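Assemble chains V, S, R and B with the ligands onto chain F, guided by the hints.
Chains as they are written, first to last, in the working numbering: chain F, 1 to 273; chain V, 1 to 358; chain S, 1 to 270; chain R, 1 to 327; chain B, 1 to 406.
Simulated from the structure, these hints should not be mistaken for laboratory data. Because the structure is a prediction, the values reported are computed rather than measured. Any given hint could be a false lead.
Okay, derived cross-link-like pairs now, DSS-like style, lysine-lysine, Cα gap no bigger than 25 Å in a straight line [said to hold, decoys possible]: (1) B:Lys130 with B:Lys346; (2) S:Lys35 with S:Lys86; (3) V:Lys93 with B:Lys397; (4) S:Lys161 with V:Lys350; (5) S:Lys161 with V:Lys348.
Residues from chain V that face chain B, not an exhaustive set, calculated with beta carbons under 8 Å [what the hints assert, rightly or not]: (6) Tyr47; (7) Ala51; (8) Pro55; (9) Leu256.
Every residue, glycine too, gets a C-beta built ideally from N, C-alpha and C.
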Amino acid sequence: MLDAEDGETLLEVNNIEVIYNHVILVLKGVSLSVPKGGITALLGGNGAGKTTTLKAISNLLASERGEVTKGSILYRGEPVAARNPAALVSRGVIQVMEGRHCFEHLTVEENLLTGAYTRKDGGAAIRRDLEMVYDYFPRLRERRKSQAGYTSGGEQQMTAMGRALMSRPETILLDEPSMGLAPQLVEQIFQIVKAVNEGEGVTFLLAEQNTNVALRYAHYGYILENGRIVMDGPAAALRENPDVKEFYLGMSDEGRKSFRNVRSYRRRKRWLA
Amino acid sequence: MLYREAGDFKTSYRDDGQTFPIRLDRVAYYAVLIVAFLIVPFVINDYWANAVVVPFLIYAIAALGLNILTGYAGQVSLGTGGFMAVGAYAVYKLMTTFPEINIIIHILLAGGITAIVGVLFGLPSLRIKGFYLAVATLAAQFFLVWLFNKVPWFYNYSASGQITAPTRTVFGLAVTGPSTSAAAKYLICLLFVFILAWVARNLTRGTLGRKWMAIRDMDIAAEIIGVNPLSAKLSAFAVSSFFVGVSGALLFSVYLGAAEVGEAFGINKSFLVLFMIIIGGLGSIFGSFAGAAFMVLMPVVLKNLLVGQFGWATDLAAHFELMIVGALIVFFLIAEPHGLARLWALTKEKLRLWPFPH
Amino acid sequence: MNTQTDIAIADRQLGGTLMELRNITLRFGGVEAIKNISFDIREGEIRAIIGPNGAGKSSMLNVISGFYVPQEGEVWFRGERRGPVKPYEVARLGIARTFQNIALFDGMSVLDNIMTGRLHRMKAGFLSQALWWGPAEREEIENRAQVERIIDFLEIQNIRKTPVGRLPYGLKKRVELARALAAEPQLLLLDEPMAGMNVEEKEDMSRFVLDVNDEFGTTIALIEHDMGVVMDLSDRVVVMDYGRKIGDGSPDEVRNNQEVIDAYLGVAHD
Amino acid sequence: MDQLVFAAEVFMNGLMTGVMYALVALGFVLIFKASGVFNYAQGVLALFAALTLVGIQQGQVPFAHLINSIFGTHLEYFGWTVPVVLAILLAGAVMVLLAFLVEKLVLQHLVGQEPIILFMATIGLAYFLEGLGDVMWGADIKNLDVGLPQGISESIESVSANWFGYGFFIDRLDIWAAIIAALLVTALVAFAQYTKQGRAMRAVADDHQAALSVGISLRFIWVMVWSIAGFVALVAGIMWGTKSGVQFSLSLIALKALPVLMLGGFTSIPGAIAGGLIIGVGEKMFEFFIGPMIGGATENWFAYVLALLFLVFRPQGLFGERIIERV
Amino acid sequence: DLVVPNLSYRTGAYGANGTQYADGFNDYFTLLNERDGGIGGEKIQVPECETAYNTEKGVECYEATKDSGALVYNPLSTGITYQLIPKVSVDKKVLYTPGYGRTSAKNGTVFEWIFNAPANYWDGASVAIKYLLDENGGDLNGKKIALVYHNSAYGKEPIRTLQVLAEKHGFTLTQLPVDAPGQEQKSQWLQIRRDRPDYVIMWGWGVMNQAAIQEAANIRFPMENFIGIWWSGSEVDVKPVGAQANGYKALTFHGVGTDYPVYDDLQEYVIEPGKASQGGEHVGSVLYSRGMYAALVISEAIRKAQELAGTPEIDPEQLRDGFEQLDITPERLTELGLPDFGPEIKMTCDNHGGSGMSRMQQWDAKAGKWNLITEFTEPDQDVLKPLITEDSEAYAKEAGVTPRDC
Ligand SMILES: Nc1ncnc2c1ncn2[C@@H]1O[C@H](COP(=O)(O)OP(=O)(O)OP(=O)(O)O)[C@@H](O)[C@H]1O
Ligand SMILES: Nc1ncnc2c1ncn2[C@@H]1O[C@H](COP(=O)(O)OP(=O)(O)OP(=O)(O)O)[C@@H](O)[C@H]1O
Ligand SMILES: [Mg+2]
Ligand SMILES: [Mg+2]
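Next comes chain F alone, as it looks inside the complex (with noise of 0.2 Å):
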């Protein structure tokens, strides 16, 4: 595991505001820093912000509506507002979006072929990689020939990671990879994650709400709550805070809670007033 804390920073979010539609306000003053070569885990509840987060990065925004319209984005030190998103991809900043996003005509195997848009290293090398994204998810291998509008929920999300290995990215933002997958393909991808991070140095920002697993693989992880960061910390440490435990865990001081008894009782996260 990496030491996040002398490595150098690669991707640095200093501050932002972002709207949608001119009106409402999302995101209220984010910063974070991803460090090269680490995993930093992006948690909270729904509609927290962390999708808008990771769009703001890789300047998926304006074609939602969206503005950053105050603070700074900087990949590597330099703005990213500056690039197009394609440009971003070149540069080596990938994102797999929330909700899939496969290209539904194309076949499983053209929409990762897609992934390697960007490359320039020649067919033999991007066939090797297809075949690596083969390994990872064997059973995207046997679906390659269909159109990937009519695979299962599950199917399309890996291929959507596969997509993303495709591009030999430098970061990969991950956008609740986990959602919709069986548990073992749970555990799988983020053994895949977990290598790709140390046997290629490849840095990741996850966006996760599955709190447990995420928190279990990544360095480092922010909380986001309603447009804020609420928390922030070594993935071990937030572990260990009693909240988080309470609330993004799920566990009492006996383990873990039943889903059947949280209709007894209901508490309220504190820094929510």
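Just chains V, S, R and B with the ligands now, kept in the frame of chain F:
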């Protein structure tokens, strides 16, 4: 902080469901009605009536109709011109066959006939979707125009195939025919617009409207939660065609007075009305009006400006007019893809927050 | 393991068979998504369907809700064999559902979306609707009151008028549930209702599911990948893999079934 | 027997007309495939391309009328003519420039919008180009001559006269159109199906955001596709302009391309050709044999009704991509 | 001032044709203003308004100009004419539609405000058949004639007359409609190629003309046997087809070319000083001449009206009287610098259509000009009269007009 809803509490579901929940809007609405019904008729002249206001009102009905189909029910149609022709020829046949019956009834019947034709041509929508459907509705457009052109019964066997509206009166006041006053034309159109807009509003906020919108947003899901796509789509076609038929009837009988199908109800009409609702705002009653106003007024304003004010040659002005209208369409779409209605709503939303930015 | 839960399940009284699927086989071209599967859903129970990705779970729900027509097999509902039906007819029979890839009507407000759940209960005539007079208005207000109760129940009062397109994922899921509930179904099908939620939200959602089941006596079939949720909430579990059924029984039986562990759970789950 | 021979002649001519329609339809398909944009402006694009070609060829001063009316000058022609090949290349370059501007000024600002909005934007574009074409090159009818032969093909006539006792009429221009269309289609199919850019193009059509997120530059793809479509429009403009002069009505041939598209499938390049042939043959046969019985002038609607009937059985057209219906 | 609006069209599908006509119309009035200081000392204003051949824009133009003292309208569109007929009758404006519009408007007792001298569509149809009769020694029995027509009110106008004439002279008439715009006419011409009619008559406008002539050339239909109405007989229709169009014939009710003294004046007062409409590009073309001719008739009617009213400032009612007593004799035409340019125009209260005379012209591709090949010929009034009475009476009944006594 004039414009806001704070303090404007609703205590019943009926109040909450009303058309203009904000008091200021309500006041503005009644003010517009008073001006439209009680003041304008006394000041309107031929030019304003014939060149601007009457076509605006009539197109607003057509736009409302198409908006129900395309904006609310999501079925893109390019057959509007053809359906307007059905309305026009229906009213012509009715007017000339039953001269003793009131024209208002004829116009409503013409709408009804158009609704039936609309349902017929709407049947393929059960299978065909999106742009395919749009192009398929062109079949209706071209076929209907051909039919009215080819079958002499429709134009009472006149030599040239033109139809001409005879004079008909309402309460002793001529509303069609050459001697109709500007005010009479205006009032009859206004009356139809007012009632139909109100009906459109009622339909779209209730059960039927929800069915339409559900089909529009995701037809499969709508079907699975219990919306019968057949009845939803066909009812949209029927209601929409009724509106369009009425507007065609008015266009011919009140506004043009004489018409030839290919010229007056050609494919350009279909596109024109579609432009209106997209520019105005899909799925918005207000948008239908805004779009109709834009597409009717813009060319007139530009022409008066370029030729009247700047004294340009008419052909240069006409070419520039095309360029400017085109550029404006693109400009508005970029500024707000959801049309003038959304632009207006956003402005209001900002006003509501004012003086805070968000 | 939580002993308290087990007792609770043991106490629950399950009713008769509400729905029965017999030897269902479903093919898409060459792909056999469901292979000869039979199982039943009893009145008042919470039935979970689990299995690896692509196992055919969603397809199964689609069969139940009439969207996919299986090549072979029979669907029995309330003791009658269901003939060929259209999905909207199924909805009228009292089966409502949510979707894996949220299928809300993006252009409508939350309130309108939920109201669509009650569409097939609203019967006012066309004229009445056009004039907004008499039955139409009355009906609207009555149903609105019902919907407001569901809105209160699911705690989404503050977003009533927001267009759903703008909502974050989790809230959308909740609105979808609300829409399904608005139909007052006898059988509620939930396709991954808790995907993409954090623990707190899952707790909320669990609470809703349990309350619906308890208070309205609604039978629930749900697909879920979170084993904690599945094991805690469900009365019985069907496990699918590659279109086959590899397990069926109480949560305990299932989690100790070696085949299920190999195919799906990976490790024995507590 | 006679009827049969006539039928054969009409059939052949239908095929040829179909090719001419397909040339226009191709441009639509390309842009639809690459951006999901239903490009209403395709017809105007053809007109604009043809106007530009004639203007360049004849050495017309662009915006002459405007300049004259502002400065009181009497410009009209530069006084030179440009050789055909060079003129075509220059006109092609203008179309590329146009593609660039369209992307820059319109499409770029509409990334991720619904198809109908983009459709509407192309309508705005059509208006604009129509006006621009007139201002730039004048509204009068122009003669386009790039040396393509026209008129009855005597060899076919005499061969068929030998065989059937009736000389078939086939226009030589149509034969050329068929050859050019075949070449274009082969090239375009190969491009879309087997190259990386082709794949990227299809990806963009599916999901703008996702395409951006994997590093496909929408800008590049769109400029590329609009350039190709502009070039196809130029070819269509040349063929139709040679046939009936370059003037406003040229933009209306787009209406003849729509049923072709519908029938062939909006997303299929071979579909454009197949659709064109079916529509061409269908409408000509119908007009020729049934038309006289019901008053003629059936061509406009018949094409659409034929396509409509087809769609009822295959909602995505002959070769269109399957419409994905899933929940 | 005298206001004569010019409802022109310089854009859209027929812009190329409309432009030339509008130029001729403008230039003639400019000439009168520049050379004579107007008519009877009153300057003429010709405000132009673009209709794009679109009826609604036509109405807008009419409404926009009618309160400015406009005397007479000439919209050059059958559709707009139909639109304006009821309106002008109420607003009391003169509508002058030479060679187009509603044929039965010739009946002045019903159509008080409409004039369509010197010729209308039925005159044209009749003259064309007369010409063919002449060619065939007075006998068309058993001949086959095909009518290729614009599938609109305009194109359908001659059908009724031709049907009656077919019965009378024993030829068969085949109708071949072409939908606007008319670029694609393959089936029509394949049919012609198969049926081998002896003659083809065409009622076309815009691109349809040119496409038809091209197709005729393609199937090697003899151009001498192909006759267009006057709206299918201008340079724009034949030039693009090139040498193959040689020999094509068309009707006309006025002279062509610039071999008339009036052009010297036009050159001197209008073109040279740079006052020509659109730079004088189209001077002398067929459509330009026609626009000019329309202006000439209007100006003569104004002159007459001034004479009758005894004042140079006339109103539309007086202009109507001027039209009804208009008599443009050959001598008068010569005085105006256009000897033998048009037929004599003599209108009365019940005859708003004049004599209906027109002549045949033929295209000489090599010289690039139209040659007149016949004298002005009179149509077969025996056939036309009853038709006109019938149609105008039907209109009167439908529109509730009581015919005037003349
Ligand atoms: N296009 C949009 N227009 C308007 N508001 C938006 C838009 N997209 C997101 N929002 C709002 O921004 C807020 C943050 O949304 P975001 O999707 O970033 O949350 P998230 O943390 O990713 O949530 P989830 O875990 O549910 O995905 C939400 O309240 C949402 O309503
Ligand atoms: N309409 C369809 N056409 C073709 N194949 C389909 C279709 N629907 C589903 N499939 C295939 O059937 C299989 C089962 O799909 P299904 O969506 O039921 O899986 P699932 O169990 O819900 O998986 P997940 O947990 O990933 O959502 C998958 O391989 C899928 O690709
Ligand atoms: Mg998110
Ligand atoms: Mg699923």
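How the hints compare with the structure:
no., hint, in the structure
1, B:Lys130 with B:Lys346, "holds, 22 Å"
2, S:Lys35 with S:Lys86, "holds, 23 Å"
3, V:Lys93 with B:Lys397, "holds, 15 Å"
4, S:Lys161 with V:Lys350, "holds, 17 Å"
5, S:Lys161 with V:Lys348, "holds, 16 Å"
6, Tyr47, "holds, 5 Å"
7, Ala51, "holds, 4 Å"
8, Pro55, "holds, 7 Å"
9, Leu256, "holds, 6 Å"
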